[in-house]
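*Asks:* Spelled out from the first residue to the last, the chains are:
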Amino acid sequence: MRFALDDDALEVSAAVASFLTKECPPELVQAAFNAGGQGPADDLARSLGEMGVLGMLAPAGAGGAGLSMVAAAAVLAEAGRAAAPLPLTETIALAVPLLASAGDPTGILERVALDDERVAVAPCGVAPGASRAGWFLVGPDPVLYRRDEVTLERLDSVDRTRDLATVTPAGPGIVLEGRGPGMVERGAAAAAATLLGLGRGMLDQTVAYVKDRQQFGRPIGSFQAVKHRLADALLLLELAAPPVWAAAHALDTASPDLPRAASLAKAMASDAATATARAALQAHGAMGYTDQHPLHLWLKRTWCLAASHGTARWHRDRIAAALQL
Amino acid sequence: MDLTWSEEEDAFRGEARAWLEANVPDPPLPSGDTREGFAAHLEWERRLFAGGWAAVSWPQRYGGRDATLWEWLIFEEEYYRARAPQRVTQNGIFLLAPSVFEFGTPEQQDRILPRIAAAEDLWCQGWSEPGAGSDLAGITSRATRCEGGWRLDGQKLWTTRGAFCTHLFGLFRSDPAAERHRGLTYFLVPLDAEGVRVRGFGRLDGDEGFAEVFFDDVFVPDDAVLGDVDQGWSVAMATTGSERGLTLRSPGRFSAVVERLCRLYRASPAGAARRERVVQGWMDAEAYRLFTLQTVTSIVEGRPPGAESSLNKLWWSEMDVRLHETALDLLGDAAELDGEWMRGFEFALAGPIYAGTNEIQRNIAAERLLGLPRS
Ligand SMILES: Cc1cc2nc3c(=O)[nH]c(=O)nc-3n(C[C@H](O)[C@H](O)[C@H](O)COP(=O)(O)OP(=O)(O)OC[C@H]3O[C@@H](n4cnc5c(N)ncnc54)[C@H](O)[C@@H]3O)c2cc1C
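Sequence lines, in order, name chains A and B.
For the first sequence, my numbering begins at 1 and goes up steadily by one.
For the second sequence, my numbering begins at 1001 and goes up steadily by one.
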């Protein structure tokens, strides 16, 4: 028994964290927001490809690093913390491993890992990162389509970095065989990891803000009402973290408890991140209620990810079924 | 990450399960917070000791079986799964003993620990006073040096099972001139010493689980001091750490409540509307179980939790209230009956108060974990 991130997960996530601190500051996220998820976000994607992050779950032979889903979850948590304006949840944890385990039927995996090619993922027919994708993975039992085999209809997400579209297949596509655990579990675990990071990022920013902002002659972070609300956010995030690592580990080990573990992670992380978003906004006062301050980028990403890959309620229903309730 | 148990751990679980199945009293004992119930619980404690299960993680020479922390966790899971009785030796085993291991002289360890394990001495915790609850450093009970020892005066309050115990561990002010947190000394006091008066009284549930303890010129010898004179605060804080951190409420306890809750739900005709709350109860307990695996890993690898244990205490205590609220809701108009769930609910309500109130825990989390300024 050992419940802790292993060294490889710690190393790769620390490398990604320090890269994003430098290369993905809030100004860049805002610029990507203004550019509809393109522009500066494209440079970031290329760099993450060169670092081997996008392909981290592909086998070493196929342009990847053959790392564990636990390591990927740790990386996604850092991507969330920085609000990296890319569909990394889908690229790292869905597109790459699904293609890899299906034997890379169209031979694009290496290019995807380097960001020379993009695959957008639409478990329920809606894909983030749609306008730059050359390929689409559609449906809960995913089928792979070329860009010219689908029609796209742009959707305006509240988070403009999402670059969202409905995807309607118009060709036969390629069914991914032998792809192991499905879209739902992978998506839930990966989105949960990203939400955990988003929550941590919002809490970090809020702690810094309330230490600095003065009212009544003292930092607002010394008021107990503020402190307790942030302590509650910390509590929810810290209790959501172990389920996230456990879900990722359940994917790595093909555990029979995977469906339950993945749903636990997503429901806990969605609830923790959305509660943290509320607390963060409240503690920022009107400063948080403006598009001039970066907090809105984290809030909107949180709402989007909480709603996608199954809402908390949808996952609670799945757990209920697993528990025969 | 490795979430599997070793062969030895599985064997340990099997042994614990078999012993508990053969020995757990059926029907359940009356409440250990009443006089006759306490006596029945003492018998149970002695049976546990005879079976070698009283304090599994202690060294054998003190009455334990040298179990690892992981095995302790397994034992707790099996214990609550088997619906075994509440532990009336809890305060001695989980609150006093860790401090004796850390601060006691070898003589004190040999004298005190085996008698705790064997349930021969029954310890209560004497910290709170009428004027010192959350503000523990505000205690005014005094210890005055005298020939060969100390004289104790003052009053302790909210002493759990004080009326049934034989000994008390507590803090007394030994240097009134020192700053509040200094000048306190940790004493070990037999309750049959001359000048001690104990008055039991009812808790919310009506059981005589509370007591107030009066000290009137009570003599104790020098070897009744645990740790150094005037250093009682740090000795006591080591105990609160272990209390909140892990040992007070292991996950098995709540997983067992959730199992009962799920059964209650399945049997409730009007249950469907509460399905989501029942599921949330399972989720909260499962998250706590995983969180505890993480904590135990940290301890085993030499990174003991510090202020993080405040999060642990906040979580289990508020989860316990929610679990019981959900059960009462499922019971509908039968909820008012003074039955198992109502009793459990009443006890759960104490969780956010004892062991440092949850407001204090939130202060600690905000100041020490988030680094926010003091109020
Ligand atoms: C079932 C039970 C068993 C107990 N067993 C024992 C025992 O065996 N031995 C023992 O010594 N004690 C025991 N206690 C006492 C327990 O330790 C105290 O109740 C606890 O420390 C709180 O003190 P208080 O009750 O005096 O409340 P107070 O300190 O008076 O607090 C009352 C309220 O004010 C709030 N408050 C106080 N200070 C602050 C602050 N700084 N910021 C925000 N809010 C604050 C509290 O959170 C609480 O909500 C037990 C209590 C219970 C309920």
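Be aware that one or more of the hints could be misleading.
Stated by the list, open to error - Cβ-Cβ distance ranges computed for the label pairs, FRET-style: (1) B:Glu1359 x A:Asp204: 35 to 43 Å; (2) B:Ser1375 x A:Asp204: 37 to 45 Å; (3) B:Ile1299 x A:Gly285: 35 to 43 Å; (4) A:Cys124 x B:Val1321: 43 to 51 Å.
What the hints assert, rightly or not - Here are a few chain B residues that face chain A, going by a calculated C-beta distance under 10 Å: (5) Phe1101; (6) Glu1102; (7) Thr1105; (8) Arg1275; (9) Ser1310.
Unchecked claim - From the derived model, a few chain B residues whose C-beta atoms are all more than 10 Å from chain A: (10) Met1001; (11) Gly1200; (12) Phe1201; (13) Ala1270; (14) Val1278; (15) Leu1314; (16) Ala1365; (17) Gly1371; (18) Arg1374.
Hints are computed from structural coordinates only; laboratory data are not their basis.
Backbone N, C-alpha and C fix where the C-beta goes; we use that ideal spot for every residue, glycine too.
*Asks:* Compare the structure with each hint and give your call.
*Replies:* Each hint, compared with the structure:
1. B:Glu1359 x A:Asp204: 35 to 43 Å: violated, 24 Å
2. B:Ser1375 x A:Asp204: 37 to 45 Å: Violated: the Cβ-Cβ distance is about 22 Å, outside 37 to 45 Å.
3. B:Ile1299 x A:Gly285: 35 to 43 Å: holds, 40 Å
4. A:Cys124 x B:Val1321: 43 to 51 Å: violated, 37 Å
5. Phe1101: violated, 24 Å
6. Glu1102: violated, 25 Å
7. Thr1105: Violated: closest Cβ of chain A sits about 35 Å from Thr1105 of chain B, beyond 10 Å.
8. Arg1275: holds, 6 Å
9. Ser1310: holds, 8 Å
10. Met1001: Met1001 of chain B is in fact no farther than 10 Å from some Cβ atom of chain A, at 5 Å.
11. Gly1200: The claim holds: Gly1200 of chain B sits with its nearest Cβ about 35 Å from chain A, beyond 10 Å.
12. Phe1201: Given a closest Cβ separation of 32 Å, the condition holds.
13. Ala1270: Non-interface label stands for Ala1270 of chain B: nearest chain A Cβ at 14 Å, farther than 10 Å.
14. Val1278: violated, 6 Å
15. Leu1314: violated, 5 Å
16. Ala1365: About 4 Å separates Ala1365 of chain B from the closest Cβ of chain A, which leaves it inside 10 Å; violated.
17. Gly1371: Gly1371 of chain B is in fact no farther than 10 Å from some Cβ atom of chain A, at 7 Å.
18. Arg1374: At roughly 7 Å from the nearest Cβ of chain A, Arg1374 of chain B sits no farther out than 10 Å, so the non-interface label is violated.
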